[in-house]
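Colleague: Read top to bottom, the protein sequences are chains A and B.
Each residue of the first sequence is one higher than the last, beginning at 292 in our numbering.
Each residue of the second sequence is one higher than the last, beginning at 4 in our numbering.
Rather than coming from a laboratory, the hints here were simulated on the basis of the structure.
One thing to keep in mind: the hints can contain errors.
[What the hints assert, rightly or not] Partial list, computed: chain B residues near chain A (C-beta under 8 angstroms): (1) L31; (2) F38; (3) T39; (4) I53; (5) P135; (6) P147; (7) N150; (8) S154; (9) M158.
[Claimed, not checked] List time: in silico SDA-like cross-link candidates among lysine to any residue, alpha-carbon distance up to 20 angstroms: (10) B:K148 with A:P452; (11) A:K326 with A:A422; (12) B:K30 with A:H487; (13) B:K30 with A:A422; (14) B:K148 with A:V547; (15) B:K128 with B:L69; (16) B:K148 with A:M529; (17) B:K148 with A:P540; (18) B:K148 with A:G534; (19) A:K304 with B:N21; (20) A:K646 with A:F835; (21) B:K148 with B:A66; (22) B:K101 with B:P193; (23) A:K304 with B:R20; (24) B:K148 with A:D545; (25) B:K128 with A:M529; (26) B:K121 with B:Q68; (27) B:K148 with A:L533; (28) B:K30 with A:R490; (29) B:K148 with A:A541; (30) B:K30 with A:L419.
[To be verified] Coverage of chain A stretches by chain B, computed from C-beta distances (three or more under 8 angstroms per stretch; other residues unrestricted): (31) 487-495; (32) 519-526.
Beta carbons: idealized from backbone N, C-alpha and C, even for Gly.
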Amino acid sequence: MSASSTTNGKTLKVRYFDIEENPTEHYLNAETGLKSWLFTVDHKRIGLMYLASIALFFFVGGVLALVLRTELFTPAENLMTAETYNRIFTIHGAVMVFLFIIPSIPAALGNFLLPMMLGAKDVAFPRLNLASFWIYSIGALFTLASLAVNPIDTGWTFYTPYSVQTGSAVILMTLGVFIMGFSSILTGMNFIVTIHKMRAPGMTWGRMPLFLWAMYATSIIQVLATPVLAITLALLIMERTLGIGIFDPALGGDPVLYQHFFWFYSHPAVYIMIVPAFGVISELIATFSRKTIFGYWAIAMSSLAIAFIGSLVWGHHMFVSGQSELSTVVFSFLTFFVGIPTGIKIFNWLATMHKGSIDMKTPMLYACIFLFLFTIGGVTGIMLGAISVNVQLHDTYYVVAHFHYVMMGGTVMAFLGGLHYWWPKMTGKMYNEFWGKISAVIIFIGFNLTFLPQFIMGSQGMPRRYYSYIEQFQTMHQLSTIGSYILGVGFVIIAVYLAHSMFRGQKAPSNPWGARTLDWMTSSPPAHHNFNYQPVLNNGAYDFHKPIADFTLGIAEDDHGHEHKGEPVKQQEQNA
Amino acid sequence: MAEAHSVDNPRLLHHFRNADQQFSSSKLGMWLFLFTEIMFFGGLFVAYIIYRAWNPELFTMAATQLDTMLGAVNTVVLIGSSLTIALAIRAAQTDKQKMIVNYLLLTIFLASVFLVIKYFEYTHKFDMGIFPGAYYTFDGIDHPKANVFFSIYYMMTGLHGLHVIIGIGLMIWLVIRAKIGDYSSQWYTPVEMCGLYWHIVDIIWIFLFPLMYLIE
Numbered sequence: 292m293s294a295s296s297t298t299n300g301k302t303l304k305v306r307y308f309d310i311e312e313n314p315t316e317h318y319l320n321a322e323t324g325l326k327s328w329l330f331t332v333d334h335k336r337i338g339l340m341y342l343a344s345i346a347l348f349f350f351v352g353g354v355l356a357l358v359l360r361t362e363l364f365t366p367a368e369n370l371m372t373a374e375t376y377n378r379i380f381t382i383h384g385a386v387m388v389f390l391f392i393i394p395s396i397p398a399a400l401g402n403f404l405l406p407m408m409l410g411a412k413d414v415a416f417p418r419l420n421l422a423s424f425w426i427y428s429i430g431a432l433f434t435l436a437s438l439a440v441n442p443i444d445t446g447w448t449f450y451t452p453y454s455v456q457t458g459s460a461v462i463l464m465t466l467g468v469f470i471m472g473f474s475s476i477l478t479g480m481n482f483i484v485t486i487h488k489m490r491a492p493g494m495t496w497g498r499m500p501l502f503l504w505a506m507y508a509t510s511i512i513q514v515l516a517t518p519v520l521a522i523t524l525a526l527l528i529m530e531r532t533l534g535i536g537i538f539d540p541a542l543g544g545d546p547v548l549y550q551h552f553f554w555f556y557s558h559p560a561v562y563i564m565i566v567p568a569f570g571v572i573s574e575l576i577a578t579f580s581r582k583t584i585f586g587y588w589a590i591a592m593s594s595l596a597i598a599f600i601g602s603l604v605w606g607h608h609m610f611v612s613g614q615s616e617l618s619t620v621v622f623s624f625l626t627f628f629v630g631i632p633t634g635i636k637i638f639n640w641l642a643t644m645h646k647g648s649i650d651m652k653t654p655m656l657y658a659c660i661f662l663f664l665f666t667i668g669g670v671t672g673i674m675l676g677a678i679s680v681n682v683q684l685h686d687t688y689y690v691v692a693h694f695h696y697v698m699m700g701g702t703v704m705a706f707l708g709g710l711h712y713w714w715p716k717m718t719g720k721m722y723n724e725f726w727g728k729i730s731a732v733i734i735f736i737g738f739n740l741t742f743l744p745q746f747i748m749g750s751q752g753m754p755r756r757y758y759s760y761i762e763q764f765q766t767m768h769q770l771s772t773i774g775s776y777i778l779g780v781g782f783v784i785i786a787v788y789l790a791h792s793m794f795r796g797q798k799a800p801s802n803p804w805g806a807r808t809l810d811w812m813t814s815s816p817p818a819h820h821n822f823n824y825q826p827v828l829n830n831g832a833y834d835f836h837k838p839i840a841d842f843t844l845g846i847a848e849d850d851h852g853h854e855h856k857g858e859p860v861k862q863q864e865q866n867a
Numbered sequence: 004m005a006e007a008h009s010v011d012n013p014r015l016l017h018h019f020r021n022a023d024q025q026f027s028s029s030k031l032g033m034w035l036f037l038f039t040e041i042m043f044f045g046g047l048f049v050a051y052i053i054y055r056a057w058n059p060e061l062f063t064m065a066a067t068q069l070d071t072m073l074g075a076v077n078t079v080v081l082i083g084s085s086l087t088i089a090l091a092i093r094a095a096q097t098d099k100q101k102m103i104v105n106y107l108l109l110t111i112f113l114a115s116v117f118l119v120i121k122y123f124e125y126t127h128k129f130d131m132g133i134f135p136g137a138y139y140t141f142d143g144i145d146h147p148k149a150n151v152f153f154s155i156y157y158m159m160t161g162l163h164g165l166h167v168i169i170g171i172g173l174m175i176w177l178v179i180r181a182k183i184g185d186y187s188s189q190w191y192t193p194v195e196m197c198g199l200y201w202h203i204v205d206i207i208w209i210f211l212f213p214l215m216y217l218i219e
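The task is simple: from the sequences and hints, build the whole structure.
Modeller: What follows is the structure, given as structure tokens:
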């Protein structure tokens with residue numbers, strides 16, 4: 292009838308629970324009205340609010356990208372002046388980096404999934420979690436205000452001394468980024484504490500889904516690096532208001548110091564962007580290969596290794612900024628070094644797929660696109676880490692193509708894969724598989740058409756951030772622009788069918804993909820407090836050889852000896 | 004389950020299994036926050052180290068303009084306030100409700116003394132024309148980068164002072180809640196967390212004092 296499971300030396304009475312299919316009451320309708328969203332402390336709703344926000348900013352940043360590409364269709368003035376062009380590429384970069392990609396997987400998917408994957412009812416600090424969202428929103432308002440006042444033209448890196456001299460609204464913009472940094476820090480703190488303290492009975496570190504290991508590594512970087520960005524931007528703001536001169540050569544300061552400070556955050560920040568994507572890919576590949584993940588600990592530890600080594604490579608952004616030869620050599624070496632844990636991940640994923648029964652659903656299609664594009668992005672990154680090659684390619688389109696392959700080909704593809712994968716859990720509705728695959732293919736084609744030519748023209752010497760160019764680059768620029776339109780079409784299709792599925796989509800079963808992680812061991816959409824029982828784990832997150840029913844173990848009675856109420860007991864006999 | 008617990012302990016939030024889990028979560032969260040504070044000030048300490056390595060003579064010259072006596076008094080005051088807030092936590096653990104309030108008020112008093120002394124230090128320098136960076140007009144230090152030293156000085160002590168002000172605000176809030184009798188040996192998490200915060204503010208000053216005032 293009921294079994295017992297021993298955790299931490301205490302014996303728990305456990306039994307199997309049934310998962311309710313298509314429940315009438317769930318977190319989406321537990322409370323209603325605008326206030327029930329804006330002031331919710333439910334991590335799932337906060338995750339969805341982040342999702343809506345980042346979708347909005349991805350749209351804004353994406354439209355700006357299309358505007359830039361349209362301007363570059365010919366070397367002449369098509370849409371805007373050179374000055375406007377500078378402002379638009381700055382805003383495209385800042386919006387995509389600070390408003391979209393940094394919160395994308397951690398804050399949206401992470402918030403929604405992290406407590407459920409742990410078998411917890413919520414994150415450790417739910418009110419702080421809501422505060423993170425509000426701080427993010429306030430920061431975003433400052434950034435938008437800077438656009439209304441005088442859009443900045445410094446590039447998203449705000450390099451001094453130009454950022455001190457320009458007349459554009461640098462203070463508002465950097466204040467916005469400063470504020471959003473606190474949102475990132477608080478989310479990271481919350482996740483670390485949640486992973487340490489809120490794991491369900493039986494959820495040992497070795498049974499955690501790899502997405503959680505990735506989130507853990509990401510959170511460490513967020514807590515470690517973001518405060519340094521905060522102080523850097525605070526100094527920049529003081530530089531503009533009080534003329535403190537720490538970064539200003541005219542007053543005895545040093546502008547290269549600003550670059551060191553900035554990249555001390557912003558290089559680890561690219562791992563804030565990509566490591567959660569690794570976590571998503573681990574889930575997708577294991578589930579759709581129907582196989583225990585290959586090299587669980589190698590993947591888990593490589594996330595931490597990337598977080599650690601990735602914090603020591605910032606100097607590779609300054610090979611031509613006048614840092615010493617010794618530090619250039621050291622930073623170059625460490626940059627190669629970070630390729631090792633990343634390679635470990637790629638090979639483990641491939642080994643997981645090897646002889647698996649691969650089910651090429653849309654999320655898996657995105658995972659494969661990720662493997663392809665991210666590998667190109669990663670390998671070209673190693674090339675850029677080589678000093679002599681870097682000097683040649685510095686500030687060319689080669690760099691632009693490289694980081695778009697990593698950030699868009701990597702993070703955005705993983706994000707799309709994750710979004711499709713967890714869409715049934717979030718909304719309780721299935722997306723359209725046919726259109727899902729079509730748009731994935733369109734995005735793949737559009738992406739490569741946009742950015743492959745940029746590698747070529749970059750290697751031929753086309754500098755980045757230029758408003759005009761010489762005739763020989765026109766074909767490449769036009770291919771790239773056409774590619775970006777195709778990419779745009781792909782995203783529009785996704786937006787349409789996802790919106791359609793919310794209203795007209797098929798109802799989703801609780802576990803449409805046959806996954807084994809706890810986030811699937813609850814109804815779709817989940818109950819208000821995630822589970823109708825306190826989950827207990829006896830299996831690993833990727834034990835695909837065990838039946839799904841083995842994963843719905845829960846505590847049979849609470850600490851006071853009261854039986855849990857409200858759950859059906861049908862399945863008990865079968866599993867006892 | 005939540006209902007059963009809430010009878011036992013009204014402070015236990017629904018998503019925690021027991022009070023121990025809740026308390027240790029708060030404590031881990033606070034330690035992580037303190038870690039971010041160190042990284043935040045760390046940027047300024049790095050700027051200090053770099054400029055001092057480049058201009059060692061500037062730092063010894065400029066430090067003569069800082070009043071070591073006032074700095075020392077402030078150090079003693081802050082260390083004393085760390086003791087009094089620790090005693091406030093102790094009072095909460097031993098259910099001495101009235102002493103929680105008294106020790107917190109004493110801590111607030113000491114923090115205010117620190118700020119008053121800092122105010123006189125700042126205004127004295129302003130009178131002499133020692134402003135940060137571009138507004139620096141003092142000609143008593145014969146070094147072209149004297150302004151940068153004081154930029155770093157004002158940034159570090161100013162940011163620290165801001166933390167002191169925030170700490171006073173937090174303690175006023177604690178006093179109000181302690182007066183209603185919110186804290187007892189059953190639950191005193193906010194007092195403990197505020198104490199941790201106050202200790203980091205104290206420790207940062209303990210580094211600032213020798214680095215700024217005691218250079219020779």
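Colleague: Against this structure, judge whether each hint is valid.
Modeller: Quick rundown of the hints versus the structure:
Proximity of B:L31 to chain A holds as hinted, the smallest CB-CB distance being about 5 angstroms (cut-off 8 angstroms). About 6 angstroms separates the beta-carbon of B:F38 from the nearest beta-carbon of chain A, less than 8 angstroms, and the hint is met. Given hint, B:T39 at the interface with chain A, holds; its Cβ is 4 angstroms from that chain's nearest Cβ, closer than 8 angstroms. Satisfaction of the interface hint for B:I53 is found here, the shortest Cβ-Cβ separation to chain A being roughly 6 angstroms, below the 8 angstroms cut-off.
A cut of 8 angstroms between beta carbons decides the hint on B:P135: the least distance to chain A is about 5 angstroms, and the hint holds. A distance limit of 8 angstroms between C-beta atoms decides the matter here; for B:P147 the minimum to chain A is near 6 angstroms, and the interface restraint holds. The beta carbon of B:N150 comes within 6 angstroms of a beta carbon in chain A, closer than 8 angstroms, and the hint placing it at the interface holds. The beta carbon of B:S154 comes within 4 angstroms of a beta carbon in chain A, closer than 8 angstroms, and the hint placing it at the interface holds.
Interface hint at B:M158: satisfied, since its Cβ lies 7 angstroms from the closest Cβ of chain A, which is below the 8 angstroms cut-off. Taking the CA atoms of B:K148 and A:P452, the gap is near 17 angstroms; set against the 20 angstroms cutoff, the hint holds. For the proposed pair A:K326 and A:A422, the alpha carbon gap of about 15 angstroms is at most 20 angstroms, so the pair holds. Pair hint B:K30 plus A:H487 holds up; C-alpha atoms about 12 angstroms apart against a cutoff of 20 angstroms.
Taken as a hint, the B:K30 and A:A422 pair is honoured in the structure, with Cα atoms around 19 angstroms apart against an allowance of 20 angstroms. A hinted pair counts as satisfied when its Cα atoms are at most 20 angstroms apart, and B:K148 with A:V547 qualifies at roughly 17 angstroms. Proposed proximity of B:K128 and B:L69 is supported: the alpha carbons are some 9 angstroms apart, at most 20 angstroms. A C-alpha spacing of about 17 angstroms is found between B:K148 and A:M529, which places the hinted pair at or below 20 angstroms, so the restraint holds.
For the hint linking B:K148 to A:P540, the alpha-carbon distance of about 10 angstroms falls within 20 angstroms, and the restraint holds. Restraint check for B:K148 and A:G534: the C-alpha separation of about 13 angstroms stays at or below 20 angstroms, so the hint holds. With a C-alpha separation of about 18 angstroms, the suggested pairing of A:K304 with B:N21 holds against the 20 angstroms cut-off. Proposed proximity of A:K646 and A:F835 is supported: the alpha carbons are some 14 angstroms apart, at most 20 angstroms.
For the proposed pair B:K148 and B:A66, the alpha carbon gap of about 13 angstroms is at most 20 angstroms, so the pair holds. For the hint linking B:K101 to B:P193, the alpha-carbon distance of about 17 angstroms falls within 20 angstroms, and the restraint holds. Under the criterion of a C-alpha separation no larger than 20 angstroms, the hint pairing A:K304 with B:R20 is consistent with the structure, at around 16 angstroms. For a cut-off of 20 angstroms, the pair hint linking B:K148 to A:D545 stands: about 12 angstroms separates their Cα positions.
The straight-line distance between the Cα atoms of B:K128 and A:M529 is roughly 19 angstroms, inside the 20 angstroms bound, and the hint therefore holds. Proposed proximity of B:K121 and B:Q68 is supported: the alpha carbons are some 14 angstroms apart, at most 20 angstroms. Restraint check for B:K148 and A:L533: satisfied, since their Cα atoms lie roughly 16 angstroms apart, inside the 20 angstroms limit. Of the pairs offered as hints, the one joining B:K30 and A:R490 holds, with about 17 angstroms between alpha carbons and a cut-off of 20 angstroms not exceeded.
Using a Cα cut-off of 20 angstroms, the hinted pair B:K148 and A:A541 holds, with the two alpha carbons roughly 10 angstroms apart. Simply put, B:K30 and A:L419 have alpha-carbon atoms about 14 angstroms apart, close enough for the 20 angstroms limit, and the pair holds. Under a criterion of three residues with beta carbons nearer than 8 angstroms to beta carbons of chain B, the stated coverage of the region 487-495 of chain A is upheld, 3 such residues being counted. Coverage of the region 519-526 of chain A by chain B holds. Counting CB-CB distances below 8 angstroms, 6 residues qualify, and the rule asks for three or more.
Of the numbered hints listed earlier, not one is contradicted by the structure.
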